[in-house]
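Novice: Assemble chain B onto chain A, guided by the hints.
Number of protein chains: 2
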Amino acid sequence: MDLHISNILNDLKNDDIQAYLLTKFTNIEYISGYKPTSFAFCIINENPIIYASKMDMEIANKTSTIDVREFESFEVMIKELKEEGIKSLAIEPELVFSTYEKLKDDFDITSKTYINTQRMIKTPFEIEKIEKATEIAQKSFMQLDVLNNKNPENVVAFDLVRLMIENGASKESFDTIVTSGANSSLPHATPQDKLLEKPILIDWGAVFKGYCSDNTRTMVYTESQQEIWDIVAEAHDKAIRAIKPGLKCCEIDGVARDIITEYGYGDNFIHSTGHSLGLDIHETPGFSIKDETIIRDGMVITVEPGIYLEGEFGVRLEDTVAIYKKGLVIGNLPLQID
Amino acid sequence: MDLHISNILNDLKNDDIQAYLLTKFTNIEYISGYKPTSFAFCIINENPIIYASKMDMEIANKTSTIDVREFESFEVMIKELKEEGIKSLAIEPELVFSTYEKLKDDFDITSKTYINTQRMIKTPFEIEKIEKATEIAQKSFMQLDVLNNKNPENVVAFDLVRLMIENGASKESFDTIVTSGANSSLPHATPQDKLLEKPILIDWGAVFKGYCSDNTRTMVYTESQQEIWDIVAEAHDKAIRAIKPGLKCCEIDGVARDIITEYGYGDNFIHSTGHSLGLDIHETPGFSIKDETIIRDGMVITVEPGIYLEGEFGVRLEDTVAIYKKGLVIGNLPLQID
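Chains as they are written, first to last, in numbering that gives the first Met the number 0: chain A, 0 to 337; chain B, 0 to 337.
Just chain A, with the same shape it has in the complex (with noise of 0.2 Å):
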């Protein structure tokens, strides 16, 4: 029995509940390795199963390492799972509504982190998996010379996917964040048809057999630029090495926001200091205010202090940690680029 699974079961049986009802592609997934391209149910207990669309049976069959079965209606999964005598279930917090509505007559049901809690603590292989999407991704960086660079936003964000696919990533981790001037004051800008104005903020990832990666950099120009980014990088820096298992995630989030807060910019900072990453380029546990997760080897989280001048401009830096012992920067990659 693998070993995801088993946990599930301990976890299912602590708590009295015979199965546990995936639908997240990504936790269906980290389960059984069939990622799904159309809606699927993967029902975890003594003898799991996952009921595929037809459209899927093909590449599911090829790829999971659970039984497939073809999803008819819910009134035959549901008959089914009742025939084998599943009364209670535990569900994904994300499950979508309209599903919950199906079941809720026929089960009993309770919402659970299990896969959450699991996928927070990464193996060697996918914490090699994470580090070979940033090596990708910081590479594709430097080979992109964005200082020299004179083409519009949009077309430097394409032209940094592309470069990443080159060097073997499967796709963007996310919509590729290339922004500037002012609207470098918005977290999540998106490119534009225009050209380089300064500061650039670069936010970028690759994916490498469905591991994310996750960084920026911002290319400072002015004196207020530099005078801002120093307080960032001071942040990121010392989050960085406060790092270390069995502190609370919110006490990292606490460093940085400490510092930016010293510095007067406290109500500038206006996200979280950082997230886990790994199938899905936001994963649970955060570096966050709220966040009393215990820190743990084996989390994998980013640091991204930021401030932003709004009708300004904005100054972000991020590094990913894979957590043994003390935190590991993941790359290489200069914090300073010219």
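A few of these clues could be false.
Claimed, not checked - Straight-line distance between alpha carbons at most 30 Å, and here's what the computed BS3-like set of lysine-lysine pairs gives:
| id | chain 1 | residue 1 | chain 2 | residue 2 |
| --- | --- | --- | --- | --- |
| 1 | A | K193 | B | K101 |
| 2 | A | K170 | B | K138 |
| 3 | A | K197 | B | K193 |
| 4 | A | K289 | B | K101 |
| 5 | A | K23 | A | K53 |
| 6 | B | K193 | A | K34 |
Said to hold, decoys possible - Example chain A residues on the side facing chain B (calculated, C-beta under 10 Å, incomplete):
| id | residue |
| --- | --- |
| 7 | E91 |
| 8 | F96 |
| 9 | Y99 |
| 10 | V160 |
| 11 | L185 |
| 12 | T189 |
| 13 | P244 |
Simulated from the structure, these hints should not be mistaken for laboratory data.
Here the structure is a predicted model, which is why all the values come from computation and not from measurement.
All C-beta atoms, glycine included, are put in the ideal place defined by N, C-alpha and C.
Specialist: Relative to chain A, chain B alone:
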């Protein structure tokens, strides 16, 4: 008052519900013009309001036609909604369970498709954007000159996206499918790092001002491939000609499915005949076996029959139809590429 909002107010009144909660990004974009880049909660009643995340406040204030307030916590939002006298709340079927759980003790909650139903009928302005997206996508496809392309599948996919962006798209409307040889029997194949084999199947689309396009072409080379292609083309053409307001969506699926079944390939047509598109690449209604929605003027639905022979190859042909009195294929790309 915006027409979209007043329609929802009517729906709420008819069902005696006080407010409608929207969380899906494209639903909020449809109603307000602001497309969230992080979580957001849009409450529609006589005084509509959007609770946006701190990091989205700048872009939300710039783009939303509805008042925006910064989201602090579920507790604060629930308290403010209750102070407004809201006791009953309609939600989207797509709402995630964890959010439902946070609200269920304070409100009487019902799942409603008001907004999906409204989004079914496109305005002329929306159809124009879908037409423009299709024009960009088809022009880019022709520029790609796939029959003389010597690159691997994933580079061809990439080059098609680049052409779409150069031609004015903001991005691809879904992960571009360039697949060939035996892999073409997977409806949602991932482009591989291998040279194009035969047949070649390309399923692609552009996004223009938020609106999606969707087309598929299959280039066949042998007599047996051409034989399958001819059947799919017949199903494609006859299904399109059958589209008429007043019919049920499942009747159009039936036209395509009956033809493919008569030729003995019913079991190899492993998905629905088509889906609506707009701000999302997959919207309701669809030309599927079970969809009894009545076809109406203003719907925009794809027609994409396919035959998939596992281990051999697959053929799919797809066009998008804007329904005005009778179906009208968007774009003018020939079905047979040579």
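Novice: Check each numbered hint against the structure and report the violated ones by number, ascending.
Specialist: The structure conflicts with hints 1, 3 and 13, although it agrees with all the remaining ones.
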